[in-house]
Each structure stands twice: as C-alpha cells, then as structure tokens.
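**Student:** Kindly produce the complete structure, drawing on both the sequences and the hints.
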Amino acid sequence: MSKYRNLLIGSALAAMAASPALAEKLGLGRPALPEEIAAWNLDIHPDGTGLPVGSGSVEDGEAVFVENCAVCHGEFAEGSGNWPKLAGGEGTLADKDPLKTVGSYWPYLSTVYDYVRRSMPFGAAQTMSDDDVYAITAYILYSNYLVEDDFVLSNENFLDVEMPNADGFIVDDRDTAEAHFWTEPCMENCKEGEVKITMRAAVLDVTPEEEGAEEAAAEEAPAEAAAPAEEAKAEEPAEEPVVAAAALDTELVKKGEKVFKKCKACHQVGEGAANKTGPMLNGVVGGPIGAVEGFKYSKGMAELGEAGETWNEENLTAFLTKPKSFIKKTKMGFAGLKKEDDINAVAEYLKSVSQ
Amino acid sequence: MTVRFTGKKPSRRAFLKGTLASTAGVVAGAGAAKAAGPDPLITEKQDWAMSTGDGVDATPYGLPIKYEDDVIRRNVEWLTADTISSINFSPIHALDGTITPQGCAFERHHSGAIELRKEDFRLMINGLVDTPLVFTYEDLERFPRVNKTFFLECAANTGMEWAGAQLNGAQFTHGMIHNMEYSGVTLRTLLEEAGLNAAGDLKDKWVYVEGADASSNGRSIPMEKALDDCMIAFKANGEALRKEHGYPARLVVPGWEGNMWVKWIRRIEVTDAAVESREETSKYTDTLADGTSRKWTWVMDAKSVVTSPSPQSPIKHGKGPLVITGLAWSGRGAITRVDVSKDGGKTWETARLANPGQPMALTRFYLDTEWNGEEMFLQSRAMDETGYVQPTKAMLREVRGENSIYHNNCIQTWWVKADGEAENVEVS
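Residue numbers (full-length UniProt numbering), protein chains in the order written: chain A, 1 to 355; chain B, 1 to 428.
Calculated cross-link-like contacts (lysine to aspartate or glutamate; reagent style EDC-like; alpha-carbon spacing at most 20 Å):
#, chain 1, residue 1, chain 2, residue 2
1, A, K264, B, D57
2, B, K283, A, D173
3, A, K25, B, D130
4, B, K346, A, E188
Quick caveat, the hints were computed from the structure, so don't treat them as lab data.
**Tutor:** Quick look at the structure:
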C-alpha cells in the first residue's frame, strides 16, 4: 500500500474516531428486509462467498452459450469483431499485443460466474438460471482447455478450478516502482541534441473524420453565394395559386418558424394566441387587412381594411419588406425582412399555424 | 449521441481564414493592424441592432447558440463494438475555465444510459453494518449536504497513445475527463447511519458499490477512502445529474479512476475483502512489460495537456500575442505548478495558474506568449502537492512497457507548424 494511502487511512480513521457526529444518527431510511438483501446481494467473492447451490455441465453450457453468447463472443468463445474474446491468448501477456481472456488473464473464476449472472447476456441481463450460469462458466473453461468435455461445474467443486493467471497480479506499486517521478523538474538543457519527431498521428490516420465535411463547408459558405439558389427554390411555390397551396411545404414552414422568432416579441400565433403589442396572427394570411378583433390598428392600416384589401401575397410581401413604406404610420416598429424567401417562409409558417 | 467527427479538422474555409489572417499579420507587423477601410459591421446598421431578439422563454432550457454547435462530445467508433457499451470524449479543446458543462461532459456506459426515476431509486447499505438500510431518493436529500468540485478521469484516458501518437486532437487523447461541482451527501454519513460497529476493525474493511443498470458495474473501495472523501452526489454544477452521468445519484470517488464512480448507485456493501469484480480484474488492471499486471491502481497520477493550440484548435490569428492554455490535475491532491515547453522538452517555462490548484480538481493554466510563426513542439508538465512530476512517455514505458492501456499520464506533444496547424506527435 502506498505512502499516500497509509497517510489517508490514518487521517480518515482518526477523524472518524474523533468525530462526535459518529454516534448521531438521523433515523433516515428503513431497515432492509432479508428478501430485499437476498435479491440484490448477489456478488460472489474469490473464496466462493455468495455462490448459489447448483451445477452445470460443459455439454449444457455449449448449447446455452451458442444460444445466448455466441453472437458476440463467437461459438468457441473466440470473440467476434470488437466484442471480447473469452478464450485463447495463453502465454501472450508479455507479447506486444497480449490477448487477455478468461483463460489467459482472469485471476478468479468467481468473477466469471458473478459477471455472467448479473450482467450477461448483453441486453437481457439477469435472465439466466443459476444452473445455466454454471454451465456457461464450465463451457468457457472448456473453450480455454482448462477442463475436459465431461466436466460439470458446481458450487461444490468451484474452488478446485485453477486459473492460469491467478498469480499474475501485484498490488499497485507506483509509489516504489515510480518513486523517481517525485523529483525536481529540469528547466534548461533538458535534452541533448535536436528534438526529432518519432511518430505522427496524421501518418497513422486513425482519427475519426468529419462526416459530411462538404455539407458543413457549404453551410459555412458566404450567404450571398448561397442566396440565389435559395431564392429560386422559394419562388417555385409562389407560382402556384395561393388557394391551391393548402398542402404546406414543411421545409418552408420550419424555416418560417425560425424567421418568426423575430416577430414573436409582439405577435402570438397558434392555439390560445392573443393580441399583444401586435395583433395575434392566426388566419391572417389571405384574410382582410386590419380585421383582428380587439386590436387597435393604425389609421392607415384600418383604412386599407375598410377599402377591402386583403393580406394577399403582394400586400404581405410589400408590407414585410418595408412596413413603413407600405403603411406610413403603421404601429409596427419592425424594420422589415430583407430576404424574399424569409417572407415566403414566414407566410407559410403563418398559414401552418392557422390551419 | 454517436457523433462522427464534426470539429476542426479545419475546413477549407477555416484554413483560408487562417491564411488571410496570417498574411495580414505579416503585412502589419506586430503592432495593431491598420484597417483597410471602414468596417461595415460598424458603419452599416445591422439586423440585430434594429430588430428584436428572442423573447424570454424562447428556449425554456437554454442550449448553446448555434454558432457553437461543434462543441460536442465525440466518439471514436473503432474503439468499441457498440455505442451502448462505449465511451465518448469531452471537447476540452474548445472549453475554458475548469468546470465542464454537463451536456458536453464525456459519457462512459457499460450497458447504456438508463432512465431511472427518483421515485424508483433505492439505495441499500448491507453487509457488515449494524442495521442494513434502504434509502429513498427523498431520504438522501434529508442528510447534511456537501458541495465539492472534482475531476473524473477515465482510467483509459490517453490509453490509445501507449504505443505511439494515434489520435489527432486533445478531445480524443485527453477528453475522457470532466470536472464538476457536486452536491450530495458523504458516503461516511450514510455508512454511519447504518452503523459500522459490526465491521470491527475498519482498517482492513472494504465497501463494494454497485449500480442499478444492467451492467451491474461494481467496484471495491477500501474503507479508508470511503470514509475520507467519497460522496453520493445528486446534483452536478447546480442541477440534477444527467442520465448519462447516473441520474438520480452517483458515487463520487475523488482523484480515483472514473470506473469507481458508480452511476445509478443502488447498493453499498461493507465487506472484509475486495470482491474482485470484472471491472477490477479483467479490466482496469495494468499489464506490465513482463506480463504481470498491477491491480488496485486507483489513484490518477498528475497529468496535464495543452488544450489550445492543439490539432482541433489551431492558431488562426498569425504571429503576435498567443495564449497557450491547458488543464492540469492530480488524483493525489492539488496542482502546484505547470511548466510549458515549446521545444519538445529541452527548455521549460512556468505557466500561470488561473487559480490556485484545488485538490483533485482541474486546474487551468495559461502561458501568455508571443508567437513569431516558428514551429513548436508544445508540451506541458504538471506537478502536484506531493512533489510528483508528470513523466514523459519514455519514462512511463521504461517502467510499464506499452501494454498497460490504463493510467497513461505522459507528457503530450503537439507539433505546431508555421501555418498554425497542430498535430499529435511523439518526439525524441
């Protein structure tokens, strides 16, 4: 154990002994019932603590494994794609690319049983019987050549199985093995000779590439360049008679909703819309000008309404482009929408919320 | 979110911008550049200065503005078999300060991020305690509460770099980390509520902690650590934990590897030995060159990285004043100093810490410098209050070989080129 940990142990435990709060309980929570503890207290220790009574054979294990596990781990536990390999790799731990499997690496068999029972199969954890888990564990041992094909694993003989890498672990020894990392750092002339590149990530080239990089670049392109194409697109629906445009262009509606954010401070639309600084706008497209009930319009706007004008495409576009040119003393303090397709989009959006 | 890399591999446009900027720099020299003509952003009336913006409530829960939509978590698809049991990376190259917003704090799941309602949350304490107890979420909120800021680093952070420079970006090499302010109750408080007399001598006792998701991720923690500074947290950065970080409650194990910070925590068992679960034997153990493996390597060694400039955050402004910045942290305590080298480790200068280092929390450092367009091999080197100095990769390999996977805290090198682009390299 590390110096640090010893220090920590000392202080934490001492603090605990000294703390008057130790004895003070708040009486929160409730006692756990035995059935509840039994349902969750499933962890199995290397010494066998927690193992349920039961057994399973290599033969049964093969069937259960093929059914439940082979899709990821391969029929012989040899692994599939990036999923963990459970068998093989014996004697590879000191190699350049060690293959760490149950057979070559795992120090305790209890870990296999514990993990399979509580966490596998992936997507259907905790659905297998205790005997099936014994059988799967037996089959994994068999696929690592650690038991014969007639082997039956049970809670009785569980501890008899020897795991090849049981002695392959040491407790964290960084404090001693890396004691030289506690040092006074060099500031000048820390390396001799020229510093040279020995490896480049760009040469290896395994960093994920940007998907749709081209699209992103197009999006970023100056708005002026993109505008003509958009305008052309926006003009299409306009050629059709307004009445026939009952089928809404959902793309345009979406866009309009965004543009409408500029209007939202004063205008409400949709269910429950009411007059605010500006009139509510449900049904306004195609309807009579200056006709929303309860709203006090400017004189100019009211006159247009009285003259029988409607919010047809021409009027709407003219008004939204330069409100104060269309109606000199309109109350609308909005500078106007510069782009025609923004106007079309807003009109489409207003139609959509009025339906 | 499985996001393919949408960040700075600088686009053609970004590259052009960079070129223009540096050209301007060359023409103007080091002083303030003279404008070629009046800036239309100033002389022309702009939309935003005339019309109104969004009203309140336009977004009841605010998200970053669309212009920042590339500041996101990203994963590396080839690393894992499936995103359900996988990891992604915090965009540290694009963040500043030390707090990681929850929405871009990296995720690591073993069986996916579950949706567990507070009403369905139960936390059991059993094993060697005087009274095994069950707490509801509501119970947790009635215990005395603490607020602490800690980093969480996955043990595998920088793990792909053992064998050589692999991933081109600080997000990918060092982004399995986040730093949040947690609100919750200490684990000690809960253990004391259940009573530890039954455990006898606490020196050789453990707590085994387990999550409610299908992975049943469970880890054994020495009692000393459990009583020292572990927390059950239910808020992070002031708001409820995100589901991907263990809503409604997770364990916080300051300075120790992220896998121990069990999410959706459901059970705490006092035991007389380590359980030796899957995640503390077959995984999160460090294989040395001779084939033996270290286990119980819980503490995260002191480490740092320059977050900008870096491959995803190249220098675009040309010559002149440059802010070199990065993050440093240590699982053993507070960061006391960070040095930066521009020449691959030959000479070092001490950076400025934005704030004094806090124990087991991220520390931001800055080196305010002048860049003359020369190539740099940028490195940073952290030191902590125990006197530990972040080692080079060569020093680590000398002790550990190249197969450890976990706990790679080596000094990182970015090769910053004359055009301001940066690349992950290894140097002699």
